[in-house]
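**Q** For reference, the chains in residue letters:
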Amino acid sequence: MQYIPFNIPFVAAALLVGVALFIFLFKRNLIKIVMGVAILSSGVNLFLIALGYRAGGVAPIYTATPEGVMVLPVPQALTLTNIVITVSVIALMLTMVMYIYRHMGDIDAKKSRLLKG
Amino acid sequence: MEYLTVHSPILIVAIPLLAAFIIPLLSRLGSKVRDTFNVSLLGFVTFLVAILAIDIYANGARIYTLGASVPELARPEGYMVPVRIMFQVDGISIFMGLTITVVALAALVYSLQFVKNETGQDRFYSLFMLLYVGMIGLVFTGDMFNLFVFLEILSIAGAGLASYRVNLADAVEGGFKYIVISAVSALLVLFAIGILYGQYNLLSIAALANTMQFNTLDMIALAMLAIAFVMKLAGVPLHMWAPDTYAVAPAGITPMIYMSSAASMYALYRVTFTLYGGQFDTMPIGWVVIILGVLSMFIGVMMAIYQTDIKRLMAYHAISQSGYMLLGVGVGLAVLTDPVALANYGRDAMNGGIFHIINNALYKGMLFLTAEAIFFRIGTRDLNKMGGLAHNMKWTTIFFIIGALAISGIPPFNGFASKLLIYESVFRFNPLLSIIAMFVSLVTLASFTKVFYSAFTGPEMPAYREVREVPKSMIIGMGIMVACIIFFSIFPGLVVDTIVAPATDALIDQASYINGVMGAAP
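From first to last, the protein sequence lines stand for chains A and B. Going by the working numbering, 78 is the number at position 78 of the first sequence; the sequence numbering is gapless. Position in the second sequence (first residue = 1) + 117 = the working numbering.
Simulated from the structure, these hints should not be mistaken for laboratory data. Because the structure is a prediction, the values reported are computed rather than measured. Here a beta-carbon is modelled for each residue, glycine too, at the ideal position from N, C-alpha and C. Certain hints may be false.
Claimed, not checked - Only some residues are given here: those of chain B computed to face chain A with a beta carbon under 7 Å:
1. 283
2. 286
3. 296
4. 300
5. 311
6. 412
Generate coordinates for the entire structure from the input sequences, incorporating the hints supplied.
**A** Shown next as structure tokens:
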């Protein structure tokens with residue numbers, strides 16, 4: 001019986017999401033914004049996995065189950081999908097940052113702002 | 118025929134999805150083969166959407182369950198809740214599906230000549246199909262998680278297309294803003310889905326709506342979903358990305374990205390009406406939507422006045438027009454639990470707001486296309502450098518005039534029909550809102566008069582003496598939209614009765630959406 005006190009996974013997920021939102025609001029470096037997306041995604045993933053976790057549960061494989069509680073399979077499926085999507089989003093964002101750097105010679109959003117008003 | 122009708126929901130999504138990955142291979146055979154394939158494929162999908170629409174207007178909502186023995190079987194035998202992936206297409210879904218398909222067809226035909234001289238066309242059309250799949254899947258899906266997946270598909274494809282012209286620095290910046298906003302909003306949606314799943318162990322929208330408890334966690338989830346979708350539809354406090362992205366996206370893509378905003382608006386309505394409808398007092402949410410709408414309307418048009426970049430100007434008008442849709446449907450949402458008010462003016466307000474979605478997709482999309490036609494020929498978007506274009510670009514001028522009159526709500530055009538519905542019904546809800554809406558309409562007219570004078574009228578400018586009319590496929594693309602605008606202008610009543618009223622009913626009637634999946638209420 002592995003009991004986790006104080007709902008630590010949920011607190012950690014909330015902290016990760018908070019850090020990510022802080023980055024979006026106050027950071028202007030484009031690479032940091034990409035990192036913010038990655039952190040936000042990790043926070044959401046952790047939240048989903050923590051939701052599906054049952055203390056002492058076994059892997060939800062129906063053909064060869066030992067006795068006992070299973071962890072929920074659906075949140076794990078959601079998490080897998082989200083990991084794949086986030087990888088592609090981050091790859092796309094990094095490509096764009098690369099192009100912006102090539103055009104502007106800088107990745108500071110304040111300096112490289114062509115579009116105003 | 119029967120087979121096509123039954124399986125059309127999945128075919129509409131699956132065919133373009135498969136095509137997206139075949140197109141790069143087909144491109145090896147030459148651009149003619151690829152273009153013919155693309156247009157005929159989207160034509161076939163349009164046909165499927167049409168037969169699905171006819172079926173839905175005759176027989177009511179249609180459910181398609183993947184992997185079930187019979188597609189209509191939402192719940193496997195012996196289960197209390199739906200566990201399979203499911204499409205649930207009702208009046209409002211098919212309304213959005215029709216709008217998206219018409220815009221996509223026009224945009225595709227327009228793009229044929231527009232991207233002819235660019236590199237990477239095979240990827241362009243691949244992403245185009247993916248963007249279409251994302252939007253159509255978003256409006257057809259019956260479960261929350263696929264809503265997230267399709268939202269991400271349309272975001273990634275849309276961002277890739279917005280920065281298609283990577284040789285322009287501003288294009289990449291516009292695309293980057295779009296992907297940041299999309300990623301954040303999609304992850305917020307996923308977080309909200311996690312909250313709902315943690316409580317009810319359900320992902321199906323209908324089953325969730327059936328068991329909703331309206332406790333604090335649900336309200337937090339609602340706030341997250343609302344923020345995410347408002348961000349994605351460019352409602353005013355969160356609109357900063359829209360002008361940048363709309364302005365830099367290539368021509369055929371701007372209407373498509375605009376439609377993806379409209380699809381997010383559909384998602385907002387689906388969540389507020391269907392998921393959180395029912396016994397819950399929707400007055401506060403309705404007022405939030407109304408205030409968002411009024412802010413979008415007013416600030417959007419005020420920002421548009423002093424723009425000199427023609428596409429940025431139109432992008433701000435797009436934000437302002439979204440405000441009308443939010444206002445109309447918001448009034449309906451506010452009086453949802455009051456049957457008398459709903460019958461008196463709420464239903465009309467919603468009809469107006471929903472009718473405005475398709476009208477706006479047509480004329481706003483067409484105006485974006487004309488703006489890009491000008492850019493295609495003279496290479497600038499700056500209004501101060503334009504002038505006298507009416508001498509050489511006659512078709513574009515005529516299309517622009519029609520679009521400008523329609524967006525300003527001048528009778529007899531279709532913009533007038535939907536705006537009149539909104540004015541009349543909103544006036545009975547709160548006169549002040551109606552007056553603001555009329556004022557915004559006037560300012561819109563003023564702004565488009567400015568564009569018309571600076572771009573098209575005046576003597577022929579020496580620099581543009583050699584400018585010719587745009588190629589034929591671009592004229593046909595705009596022509597498709599103009600034909601729809603004229604049809605809608607002549608028969609507004611017919612259109613409202615056949616396609617808009619079922620959409621409104623589908624939003625209001627939460628019970629039938631739930632019963633379609635869960636069986637008749639006990």
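**Q** Could you run down the list of hints and mark each one as holding or not?
**A** Cross-check of the supplied hints:
no. : hint : result
1   : 283  : holds (5 Å)
2   : 286  : holds (4 Å)
3   : 296  : holds (6 Å)
4   : 300  : holds (5 Å)
5   : 311  : holds (5 Å)
6   : 412  : violated (18 Å)
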